[in-house]
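Protein chains: 2
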Amino acid sequence: MQLLKDMIVTKGRVDSEHILKVDGFLNHQIDVQFLNEIGKEFKERFKDQPVTKILTIEASGIAVACMVAQYFEVPVIFAKKTESKNLDAATYESQVYSFTKDRYYKIRVSKRYLGSEDKVLIIDDFLANGQAVLGLKEIVDQAGAELVGVGIVIEKGFQQGGKLVRDQGIRVESLAIIESMKPGEVVFRP
Amino acid sequence: MQLLKDMIVTKGRVDSEHILKVDGFLNHQIDVQFLNEIGKEFKERFKDQPVTKILTIEASGIAVACMVAQYFEVPVIFAKKTESKNLDAATYESQVYSFTKDRYYKIRVSKRYLGSEDKVLIIDDFLANGQAVLGLKEIVDQAGAELVGVGIVIEKGFQQGGKLVRDQGIRVESLAIIESMKPGEVVFRP
Numbered sequence: 001m002q003l004l005k006d007m008i009v010t011k012g013r014v015d016s017e018h019i020l021k022v023d024g025f026l027n028h029q030i031d032v033q034f035l036n037e038i039g040k041e042f043k044e045r046f047k048d049q050p051v052t053k054i055l056t057i058e059a060s061g062i063a064v065a066c067m068v069a070q071y072f073e074v075p076v077i078f079a080k081k082t083e084s085k086n087l088d089a090a091t092y093e094s095q096v097y098s099f100t101k102d103r104y105y106k107i108r109v110s111k112r113y114l115g116s117e118d119k120v121l122i123i124d125d126f127l128a129n130g131q132a133v134l135g136l137k138e139i140v141d142q143a144g145a146e147l148v149g150v151g152i153v154i155e156k157g158f159q160q161g162g163k164l165v166r167d168q169g170i171r172v173e174s175l176a177i178i179e180s181m182k183p184g185e186v187v188f189r190p
Numbered sequence: 001m002q003l004l005k006d007m008i009v010t011k012g013r014v015d016s017e018h019i020l021k022v023d024g025f026l027n028h029q030i031d032v033q034f035l036n037e038i039g040k041e042f043k044e045r046f047k048d049q050p051v052t053k054i055l056t057i058e059a060s061g062i063a064v065a066c067m068v069a070q071y072f073e074v075p076v077i078f079a080k081k082t083e084s085k086n087l088d089a090a091t092y093e094s095q096v097y098s099f100t101k102d103r104y105y106k107i108r109v110s111k112r113y114l115g116s117e118d119k120v121l122i123i124d125d126f127l128a129n130g131q132a133v134l135g136l137k138e139i140v141d142q143a144g145a146e147l148v149g150v151g152i153v154i155e156k157g158f159q160q161g162g163k164l165v166r167d168q169g170i171r172v173e174s175l176a177i178i179e180s181m182k183p184g185e186v187v188f189r190p
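Just so you know, the sequences run in chain order A and B. In terms of UniProt numbering, the first sequence has 134 at position 134, counting the first letter as 1, and numbering is strictly consecutive. In terms of UniProt numbering, the second sequence has 6 at position 6, counting the first letter as 1, and numbering is strictly consecutive.
Keep in mind the hints are simulated off the structure, nothing from the lab. Keep in mind that the hints are not guaranteed to be accurate.
One copy or two, it doesn't matter: identical chains are merged, so the pair holds either way.
What the hints assert, rightly or not - Derived lysine-lysine pairs resembling BS3-like cross-links, with alpha carbons at most 25 angstroms apart:
#1 K81 <-> K21
#2 K21 <-> K101
#3 K47 <-> K163
#4 K111 <-> K21
#5 K119 <-> K106
#6 K43 <-> K81
#7 K137 <-> K43
#8 K11 <-> K119
#9 K81 <-> K101
#10 K11 <-> K111
#11 K11 <-> K81
#12 K182 <-> K47
#13 K40 <-> K119
Produce the complete structure using the sequences and hints provided.
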């Protein structure tokens, strides 16, 4: 998606070979007009799928998922990372390993909002090591729902997540795949 | 806002005199069509204000803030609760006291995205004890920006937050104010 690549080049900042900051438009300050274009693009790519729910994970996935959901006219569910007294006791749960924090954390979705009749599209801002997506997939499996695809805004193609998820037979659509990067330079996969 | 009151009565669940669960449409599963109506209502109420940024706090404020921002055509910024290597070192910070967890937590906004030229509208899903809104106000003050108002979806009128915030001269617009509640009954302030 050319608009996204342009945003990454003009407004993103590469701080090292692993850190791409897109906090000016995607995950701290959020450009909602831009996210509407992202929403249209995912709708175009998954228009063949009878999506009933969009699933994401707090916190930075929520904005993208909500803007995308407008084009599918379905609800968003975001998996919670923290214990909350506002969450039902009956939940689907999975463990997600965080490489950056070197620990596992639990994600939860209330059983009330996901069931065997659902066709689920997972949406997230980044795909790097793939652990969050695989954790969300496990929740979809527990619900007996069908995972129809995964929509990612920015995939770090130099990390193993994309391969891990696609090797499970899951359809992944990434709007930009970064092959390599260093300060001042981002190389996209054609 | 009648539509919101109807949603609370038909889809909300009162688990005790303090816990109102609206996780079916507002803060776990998100009804984006409904949030669009919320967005229009806030735009109508604050149409006299030259808003340049919408400020909220992760996680459950993000969805509301993004949907509202579409009607103001301005960016959203969400304050982060957790340390993140994706956040700039230069941040505005404030301490927020959590009554439910009985501890202080820090919230942060990058200095890059808020400045003295900004007119800020704070948006959040709930107003209860008011600590989150006051923490966000402190960040607006640190930036030298102007706080033009606070838009709240559901205010718990039986807690002190609304009074605390309004006593500081801040304009608060709550789309539904709950006077009292118990299982099976929600009484709204007229």
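Evaluated hints:
Taking the closest pair of Cα atoms, K81 and K21 come within 25 angstroms of each other both inside a single copy (22 angstroms) and across two copies (18 angstroms). With identical chains, the CA atoms of K21 and K101 are at most 25 angstroms apart within one copy only, with a shortest distance of 18 angstroms there and 31 angstroms across copies. For the homomeric pair K47 and K163, the shortest alpha-carbon distance inside one copy (24 angstroms) is at most 25 angstroms, but the shortest distance between copies (48 angstroms) is not. In the homo-oligomer, the alpha carbons of K111 and K21 lie at most 25 angstroms apart only across protomers (15 angstroms), although the nearest pairing inside one protomer, at 35 angstroms, exceeds that limit.
Taking the closest pair of Cα atoms, K119 and K106 come within 25 angstroms of each other only inside a single copy of the chain (23 angstroms); across copies the shortest separation is 38 angstroms, beyond that limit. Proximity of K43 to K81 under the C-alpha cut-off of 25 angstroms is found in neither arrangement, the shortest distances being 27 angstroms within a copy and 31 angstroms between copies. Taking identical chains as interchangeable, the C-alpha atoms of K137 and K43 lie at most 25 angstroms apart only when both belong to the same chain, with a minimum of 20 angstroms there against 37 angstroms between chains. In this homomeric assembly, K11 and K119 come within 25 angstroms of each other (Cα to Cα) only across copies, at 23 angstroms, whereas the closest approach inside a single copy is 35 angstroms.
In the homo-oligomer, the alpha carbons of K81 and K101 lie at most 25 angstroms apart both inside one protomer (14 angstroms) and across protomers (16 angstroms), since each shortest distance falls under that limit. In the homo-oligomer, the alpha carbons of K11 and K111 lie at most 25 angstroms apart only across protomers (16 angstroms), although the nearest pairing inside one protomer, at 39 angstroms, exceeds that limit. Taking the shortest alpha-carbon separations for K11 and K81, only the inter-copy value of 24 angstroms comes in at or below 25 angstroms, while the best intra-copy value is 29 angstroms. Taking the closest pair of Cα atoms, K182 and K47 never come within 25 angstroms of each other, the shortest separation being 35 angstroms inside a single copy and 44 angstroms across copies.
Taking the closest pair of Cα atoms, K40 and K119 come within 25 angstroms of each other only inside a single copy of the chain (19 angstroms); across copies the shortest separation is 30 angstroms, beyond that limit.
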